[in-house]
Amino acid sequence: MTTMVADRAERLARRRSTAAIMMGTILIVTQSQRMDDGGAGPVSWGITGLVIALFLLWASGLFRDPRLRGMLNDEGSDVNRRRSLMIGFWNMLATAMVCYALSFLKDYGPRDAIQIIMTVGISSALISFGVSERVSIHS
Amino acid sequence: MTERLLNGLREERDRLGLTQAELAQRVGVSRKTINTIENLVFSPSALLAIRIAQVIGKPVEALFWIGDAG
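Protein chains in written order, with the working numbering: chain A, 1 to 139; chain B, 1001 to 1070.
Excised from the complex, chain A in its bound form (with noise of 0.2 Å):
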């Protein structure tokens, strides 16, 4: 039972990781296509925002076994998680950083601004933690 529960959450972890890189490169092609039509709506945020949350809950493991989730969200996730986090964090004041600059040379509005800097910000923290929970699991 227990080597059931196992062998899923490590099915589950692989797919996880692959989900992750996937939608973080979907999210980052869609959003700078979308930038020469001016940029995404809110029609088009909100379901980029619940795909997304969606994600996050099946990630999670939330309705499965306690056991299955207990070991899905073990320590060495959790350590890829926050350090997912904290990448998606610092690319996110640079990208501000690298806007602010770039709005001396071209005129574009906050909106514009804002998409750059979530894209960035979200996109690099979902491939970041495919990418460590990958070489985790093949290390």
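None of these hints come from the bench; they were simulated from the model.
Among the clues, some could well be false.
As the list claims (entries may be wrong) - Away from chain B, derived, C-beta distances all over 12 Å, residues of chain A:
{"#": "1", "residue": "Ala9"}
{"#": "2", "residue": "Ser17"}
{"#": "3", "residue": "Pro42"}
{"#": "4", "residue": "Ser44"}
{"#": "5", "residue": "Trp58"}
{"#": "6", "residue": "Ser60"}
{"#": "7", "residue": "Met71"}
{"#": "8", "residue": "Asn80"}
{"#": "9", "residue": "Arg83"}
{"#": "10", "residue": "Leu93"}
{"#": "11", "residue": "Ala113"}
{"#": "12", "residue": "Ile117"}
{"#": "13", "residue": "Met118"}
Claimed, not checked - Derived DEER-like restraints, expressed as beta-carbon distance ranges:
{"#": "14", "chain 1": "A", "residue 1": "Gln33", "chain 2": "B", "residue 2": "Thr1002", "range": "42 to 52 Å"}
{"#": "15", "chain 1": "B", "residue 1": "Pro1059", "chain 2": "A", "residue 2": "Ile114", "range": "49 to 59 Å"}
{"#": "16", "chain 1": "A", "residue 1": "Met86", "chain 2": "B", "residue 2": "Glu1003", "range": "15 to 25 Å"}
{"#": "17", "chain 1": "A", "residue 1": "Leu102", "chain 2": "B", "residue 2": "Glu1061", "range": "46 to 56 Å"}
{"#": "18", "chain 1": "A", "residue 1": "Pro66", "chain 2": "B", "residue 2": "Ser1045", "range": "15 to 25 Å"}
{"#": "19", "chain 1": "A", "residue 1": "Val135", "chain 2": "B", "residue 2": "Leu1006", "range": "35 to 45 Å"}
{"#": "20", "chain 1": "A", "residue 1": "Leu50", "chain 2": "B", "residue 2": "Ala1021", "range": "34 to 44 Å"}
{"#": "21", "chain 1": "A", "residue 1": "Asp78", "chain 2": "B", "residue 2": "Trp1065", "range": "21 to 31 Å"}
Said to hold, decoys possible - Sample of chain B residues at the chain A side, in silico, Cβ under 8 Å:
{"#": "22", "residue": "Gly1028"}
{"#": "23", "residue": "Lys1032"}
{"#": "24", "residue": "Thr1036"}
{"#": "25", "residue": "Ser1045"}
{"#": "26", "residue": "Leu1048"}
Yeah, the Cβ is synthetic: ideal placement off N, Cα and C, and Gly gets one too.
Take the given structure of chain A and dock chain B to it, following the hints.
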């Protein structure tokens, strides 16, 4: 000089004839967590270190020690 937490987990696990998955199962963590501890990718908390030492059957200081990172 930078210090880090080193461990003899792989040797002790091999001595007991356990795979990473079997040890992870007994400790109640995922295999990748045991893997990353053995490869010194991350240092476990005191709680996890004690749990691993209990499963291995050795005092925690015999399994984990502070060493030079270089």
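Cross-check of the supplied hints:
1. Distance check for A:Ala9 against chain B: the nearest CB is about 5 Å away, which does not clear 12 Å, and the non-interface claim fails.
2. Its closest Cβ contact with chain B, about 10 Å, brings A:Ser17 to no more than 12 Å, contrary to its assignment away from the interface.
3. Under the 12 Å C-beta cut-off, the non-interface status given to A:Pro42 relative to chain B holds; the minimum distance is some 39 Å.
4. Every CB of chain B is more than 12 Å from the CB of A:Ser44 (nearest about 35 Å), matching its label as outside the interface.
5. With a minimum CB-CB distance of about 17 Å to chain B, A:Trp58 clears the 12 Å threshold, and the non-interface call stands.
6. Once the 12 Å rule is applied to beta carbons, A:Ser60 is consistent with being away from chain B; the minimum gap is 14 Å.
7. Against the 12 Å criterion, A:Met71 falls within the reach of chain B, whose nearest CB is about 5 Å from its own CB.
8. Look at A:Asn80: its CB is around 9 Å from the nearest CB on chain B, not clear of 12 Å, so calling it non-interface is violated.
9. In this structure A:Arg83 is not separated from chain B by more than 12 Å, as the shortest Cβ-Cβ distance comes to only about 9 Å.
10. For A:Leu93, the requirement that its beta carbon stay farther than 12 Å from each beta carbon of chain B is met, with the minimum near 25 Å.
11. With a least CB separation of 35 Å from chain B, A:Ala113 remains clear of the 12 Å interface cut-off, as annotated.
12. Taking the minimum C-beta to C-beta distance to chain B, about 29 Å, the non-interface status of A:Ile117 holds against the 12 Å cut.
13. No Cβ of chain B comes within 12 Å of the Cβ of A:Met118; the nearest lies about 29 Å off, and the non-interface call holds.
14. For A:Gln33 and B:Thr1002, the hinted distance range of 42 to 52 Å is satisfied, since their beta carbons lie about 44 Å from each other.
15. At roughly 54 Å, the beta carbons of B:Pro1059 and A:Ile114 sit within the given window of 49 to 59 Å.
16. A hinted range of 15 to 25 Å for the beta carbons of A:Met86 and B:Glu1003 is consistent with their spacing of about 22 Å.
17. Between A:Leu102 and B:Glu1061 the Cβ separation comes to about 54 Å, which falls inside the hinted range of 46 to 56 Å.
18. One distance hint, 15 to 25 Å for the beta-carbon pair A:Pro66 and B:Ser1045, holds here, with the actual separation near 20 Å.
19. Between A:Val135 and B:Leu1006 the CB atoms are about 20 Å apart, so this pair departs from the stated range of 35 to 45 Å.
20. Between A:Leu50 and B:Ala1021 the Cβ separation comes to about 36 Å, which falls inside the hinted range of 34 to 44 Å.
21. Checking the proposed 21 to 31 Å range against A:Asp78 and B:Trp1065 shows it holds: the Cβ atoms sit about 24 Å from each other.
22. Interface hint at B:Gly1028: satisfied, since its Cβ lies 7 Å from the closest Cβ of chain A, which is below the 8 Å cut-off.
23. Interface hint status for B:Lys1032: upheld, as the beta-carbon distance to the closest one in chain A is roughly 4 Å, under 8 Å.
24. Among the interface hints, the one on B:Thr1036 holds; its C-beta lies about 5 Å from the nearest C-beta in chain A, closer than the 8 Å criterion.
25. With a cut of 8 Å, the hint placing B:Ser1045 at the interface with chain A holds, because the nearest CB-to-CB distance is about 6 Å.
26. The beta carbon of B:Leu1048 comes within 5 Å of a beta carbon in chain A, closer than 8 Å, and the hint placing it at the interface holds.
Checked against the numbered hints given earlier, the structure breaks hints 1, 2, 7, 8, 9 and 19 and satisfies all the rest.
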